[in-house]
Amino acid sequence: PRDDSPRGERSSLGVQDEVEKFLARNTVDERAAAALRSESGTAQRAVLDRGDLFDCLNPSAALMGRINVAKESAAAQHRSLLAPGGGNTPADKEAAAVAEEVEKFVGKNDVDFRAAAAFRAANPATQRAVLDRGDLHDCQNPSAALMGRINVA
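Taking our numbering, I'd label the letters of the sequence shown as residues 1 to 153.
Hints are computed from structural coordinates only; laboratory data are not their basis. Nothing false has been slipped in among the hints.
The calculated DMTMM-like cross-link candidates involving lysine to aspartate or glutamate, where the alpha carbons are at most 20 angstroms apart (straight line), are:
(1) K104 to E94
(2) K21 to D49
(3) K108 to D29
(4) K108 to D138
(5) K21 to E39
(6) K71 to E39
(7) K71 to E101
(8) K108 to D49
(9) K108 to D135
(10) K104 to D138
(11) K108 to D52
(12) K71 to E100
(13) K104 to D52
Build the full structure now, drawing on both the sequences and the hints.
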């Protein structure tokens, strides 16, 4: 059978199929699944390219973090195109690197949505100070520990 669908439409449908397979393989809550389904094909592709969530303590939170990274990355690219100098300053590159580390940290540590949001909203210097203290695996309440580290930093 011949496929007469436009190239972009076929590509978008392929990503949608991959999203559904990803959601079937990974145990996430309905809110996180709905969030991924509602994103653009570009954001979905960025999330899928990071792989499965099998080793994440909180797969739903990790998925939400990956979605936020994909959206922030797209927004940062847009801002850098509009900025004088193209957004390639050392400070821009450092902020982007820290933001990526923050998302990895949130994905690896079992923190709740509130703590993850506070960490993402902190300035890059605070984020760096928290990251430099290491993971929260030995903490009885990782979310409270993260909030404490943010407040101290």
